[in-house]
Amino acid sequence: MTTTMLAETPATYSPPKQFRLSGLGLLRSEWTKFWSLRSSWIVMVCAAAFGAGIGIALAFDYAADADTGGEAAEAQMGLSALDVMFGFGMSAVFIAVLGVLFISGEYTTGSIRSTMSAAPKRTGVLWAKTAVFGTIVLAVYAALLLATFFVTQLIMADTPAGGVGLGDTGVFRVLSGYVVTTVYLGLLGLALGAILRNSAGSISFYIGAIMVLPMLMVQLPWQWVRDIAPYTPGNVPNTLTMPDTAGAQLSLGQSWAWMGVWMVVSFGLAAVLLKRRDV
Amino acid sequence: MGRVPCGRSVGGMIEIEHLTKRYGKKTAVDDLSFTVKPGVVTGFLGPNGAGKSTTMRAIVGLDAPTAGTVRVNGRRYNQFRSPMTEVGALLEAKSVHAGRSAYKHLLALAHTHSIPKRRVREVIDTVGLSDVAGKRVGGFSLGMGQRLGIAVALLGDPAVLILDEPVNGLDPDGVRWIRQLLKSLAAEGRTVFLSSHLMSELSQTADHLVVIGQGKLLADTTVDDFVNGRSGEKVKVVSPDAAALAERLQGPGIAISSPKTGVLEIQGTEAAVVGTTAAAHGLVLHELSIQRASLEDVFMELTADVVEYQQTRKEGVAA
Chain Y
1 MTTTMLAETP ATYSPPKQFR LSGLGLLRSE WTKFWSLRSS WIVMVCAAAF GAGIGIALAF
61 DYAADADTGG EAAEAQMGLS ALDVMFGFGM SAVFIAVLGV LFISGEYTTG SIRSTMSAAP
121 KRTGVLWAKT AVFGTIVLAV YAALLLATFF VTQLIMADTP AGGVGLGDTG VFRVLSGYVV
181 TTVYLGLLGL ALGAILRNSA GSISFYIGAI MVLPMLMVQL PWQWVRDIAP YTPGNVPNTL
241 TMPDTAGAQL SLGQSWAWMG VWMVVSFGLA AVLLKRRDV
Chain G
1 MGRVPCGRSV GGMIEIEHLT KRYGKKTAVD DLSFTVKPGV VTGFLGPNGA GKSTTMRAIV
61 GLDAPTAGTV RVNGRRYNQF RSPMTEVGAL LEAKSVHAGR SAYKHLLALA HTHSIPKRRV
121 REVIDTVGLS DVAGKRVGGF SLGMGQRLGI AVALLGDPAV LILDEPVNGL DPDGVRWIRQ
181 LLKSLAAEGR TVFLSSHLMS ELSQTADHLV VIGQGKLLAD TTVDDFVNGR SGEKVKVVSP
241 DAAALAERLQ GPGIAISSPK TGVLEIQGTE AAVVGTTAAA HGLVLHELSI QRASLEDVFM
301 ELTADVVEYQ QTRKEGVAA
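Line by line, the protein sequences are chains Y and G. Residues 1 to 279 (our numbering) make up the first sequence, in order. Residues 1 to 319 (our numbering) make up the second sequence, in order.
Please keep in mind that the hints were generated in silico from the structure rather than gathered at the bench. Worth double-checking, as some hints may not be accurate.
What the hints assert, rightly or not - Once the Cα atoms are required to be at most 20 Å apart in a straight line, the calculated DMTMM-like pairs of lysine to aspartate or glutamate come out as: (1) Lys-25/G <-> Asp-278/Y; (2) Lys-216/G <-> Asp-30/G; (3) Lys-17/Y <-> Glu-188/G; (4) Lys-260/G <-> Glu-301/G; (5) Lys-17/Y <-> Glu-122/G; (6) Lys-183/G <-> Asp-171/G; (7) Lys-236/G <-> Glu-270/G; (8) Lys-37/G <-> Asp-220/G; (9) Lys-121/Y <-> Asp-278/Y; (10) Lys-117/G <-> Glu-92/G; (11) Lys-26/G <-> Asp-278/Y; (12) Lys-17/Y <-> Asp-157/G; (13) Lys-216/G <-> Glu-301/G; (14) Lys-183/G <-> Asp-173/G; (15) Lys-135/G <-> Asp-125/G.
So here's chain Y without its partners, still in its complex pose:
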């Protein structure tokens, strides 16, 4: 064994001054993280294929029926121009799962340790993830909905459901309603992932409590359970995508307000737990 002689006056090291933690830096970091995973691309493509695929398939089906059966077939199906978009409502589950994985994946792989060592105030990471994920879903779904709308209109051009424009009553509202609903459910998934920190647990909870439970609640024999069902996190955005909101349980305004409530509750809980718990 050798003895290391300590220098009488040891060198003093000062770290580089130009490297600084910033909000913009956290946003860039989360942006890089999102696009550097193959799973992000795959889930996005799946969601798009599901929503747009169902829309286009229904449009073709409708156009073919309209050719052969004429007015009778149309009356029988009762399909309006926007009903073909309903696949996007179902594709939101892909986005919610992606939201869950965007944060729970960091816990299951352990990369959360380097993430939180780099940003020890922690909540900045949550807000950066929320902003990046919300913006990506918003942009992708806005483009997707518009494209699908125009393509389906082209297919159904010669049918009674054709000839609808973006400026027609309710059309833009319903299309943007699908985008907002998807962003909302995706962010709900993100908050859930931050609270539960476990991919399988969070996804199960989302499917069980957010998707299935509200459907189950209206089947139960107790009136009060049926009364609160429209206010559950998974149900509050429903009005946004209804072409006719007259029969809706929540008005458009109530729908927006309750979405806001659930966002504040879920992200508030996520932020508090993130601050308080050990990583």
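Model the placement of chain G on the given structure of chain Y, informed by the hints.
Chain G only, in chain Y's frame:
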């Protein structure tokens, strides 16, 4: 909040004061106090489950102390404006998303502090991952994962480096490389704090030692003092005249044992005295050497109680 007023803080010093961390009923770290100084490599030694990782996690703010304080450079870790330039940490091998490439993992972390791509490529070169930087981390060996973890720690060019079991999974070349790296980083005036349960590893890398067991401090000393202070030195003699020499060497405070014929182990005297005595009496020596206890021996001796306690307690639970 600004700097700590007492003014005793030196750049890059890690100060741990009365740190206690409990997980439920289990106490992982128990009233632990020590400081880690810049300019030297400090080893953090203890059996598995002694609380090394918990202490290191507390330094970078991942675990909040149940009691006590942890400061780096006089501040709590979460008060730093650029944490990655203050402390670089390797806490667990391969804590990276398996689907991401090494380069993208480093780049994502670099972005948080506006660290340029140039620096990312620099640390990739330093740790020798240039050929595989674009590959998904899922296919990495433990050693490559360890090198990536070291790259993460170096990314911000930090004043303090904290490495939990950095040699795990490295091949002999890698072990030699990291020893050199850590020594040169310390020589630049940085604080280097690395844990290991391999005592032989620390004896070759560290200058200073902090030893813990059961979450409590057992020793805080230099490597040399640690070995010498505990068991002392023995002088070993191989001689055909061993019996005669033993007789001549007898004296107060001197203990002589003979593990086998022709071999003596003498405690309480120096090699020079033994040699002079032999020469004065015309006794032949084939070997005269100083036997130092290995760090392993001393460590085992020091933690024997702790480890035994652990084992009996486990048996008690099982019974």
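Would the pair Lys-17/Y and Glu-188/G pass a check requiring their Cα atoms to be no farther apart than 20 Å?
holds (17 Å)
Holds or violated: Lys-17/Y to Asp-157/G, with C-alpha atoms at most 20 Å apart:
Holds, at roughly 10 Å.
Are the Cα atoms of Lys-17/Y and Glu-122/G separated by 20 Å or less?
holds (18 Å)
Would you mind confirming whether the straight-line C-alpha gap from Lys-183/G to Asp-171/G stays at or under 20 Å?
holds (18 Å)
Hinted pair Lys-25/G and Asp-278/Y, Cα distance within 20 Å:
holds (16 Å)
Take a quick look at whether Lys-37/G and Asp-220/G sit within 20 Å of each other, Cα to Cα.
Distance of about 12 Å is within 20 Å: holds.
Proposed proximity, Asp-30/G with Lys-216/G (alpha carbon, max 20 Å):
With Cα atoms ~5 Å apart, Lys-216/G and Asp-30/G stay inside 20 Å; holds.
Straight-line alpha-carbon gap Lys-216/G to Glu-301/G, limit 20 Å
Holds. Lys-216/G to Glu-301/G sits at ~16 Å (cutoff 20 Å).
Between Lys-26/G and Asp-278/Y, does the CA-CA distance stay at or below 20 Å?
holds (15 Å)
Has the given pair, Lys-260/G with Glu-301/G, been kept, meaning a C-alpha gap of at most 20 Å?
violated (24 Å)
If you draw a straight line from the CA of Lys-121/Y to the CA of Asp-278/Y, is it 20 Å or shorter?
holds (12 Å)
Taken at face value, is the distance from the CA of Glu-92/G to the CA of Lys-117/G at most 20 Å?
Cα-Cα ~24 Å, so violated.
Violated hints for the displayed structure, listed by number in ascending order: 4, 10.
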